[in-house]
Amino acid sequence: DAGVTQSPTHLIKTRGQQVTLRCSPKSGHDTVSWYQQALGQGPQFIFQYYEEEERQRGNFPDRFSGHQFPNYSSELNVNALLLGDSALYLCASSFQGSRETQYFGPGTRLLVL
Amino acid sequence: GDSVTQMEGPVTLSEEAFLTINCTYTATGYPSLFWYVQYPGEGLQLLLKATKADDKGSNKGFEATYRKETTSFHLEKGSVQVSDSAVYFCGYSGSARQLTFGSGTQLTVLP
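One line per chain: the protein sequences are A and B, in this order. This note's numbering puts the first residue of the first sequence at 18, with every later residue one more than the last. This note's numbering puts the first residue of the second sequence at 32, with every later residue one more than the last.
Hints listed in this document are in silico derivations from the structure and should not be mistaken for laboratory results. Where hints are given, some of them may not hold.
Said to hold, decoys possible - Derived DSSO-like pairs: lysine-lysine, alpha-carbon spacing no greater than 27 angstroms straight-line: (1) 83(B) x 108(B); (2) 91(B) x 43(A); (3) 43(A) x 83(B); (4) 99(B) x 87(B).
As the list claims (entries may be wrong) - Covered stretches of chain A, going by a simulated chain B footprint (3 or more residues, C-beta under 8 angstroms): (5) 75-81; (6) 94-101.
Each residue gets a CB set at the ideal place from its N, CA and C atoms; glycine is no exception.
Chain A with its partners taken away, still in its complex shape (with noise of 0.2 angstroms):
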């Protein structure tokens, strides 16, 4: 049973740059919530997708976008990348049925210079 799978796994860009991550949840999930976990900080709810909507928000500027797509699956896109997006990104998968219960994938790690 595959878990929770996120690509790449490592990313540098440059300032004002965009950037995707891809996350795939783990099988049986439906539901898609991203985090951002800065150095030696907690991870940061960014928001969750379920039925390929947007359904809570964290305190994140709109430059940070996502999408989810009919597999399930989903995207973070995060636009004019500033020194301080630089963190490690954390997708986690749940089933609607137990959405409390999220499960992570090993995460990417961004780094904008």
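Got chain A; can you put chain B on it based on the hints?
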């Protein structure tokens, strides 16, 4: 606002020592409570959870009890191993169905 406060680290223990990591939360309603563990270079792994008051979550020798009267969910283990070295995050999920985490506690267990 809603938040989670964790015991500050780092915590260093000898193998077979007793572990406690304190966690308190501020949230409305009846949130579910979680402990996740993060090994170096990896994502978060669910360690245990409790969904209502007085529930005890347990896994791999770790335990935590949901104490609504003290809004706490302290993590304990009777005898830690070197392999338990990691960062531990306390979190909760409320009506918004999103996880809110503490800042994490780094645990190092020495042989």
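*What hints, given by number in increasing order, does this structure fail?*
5 and 6
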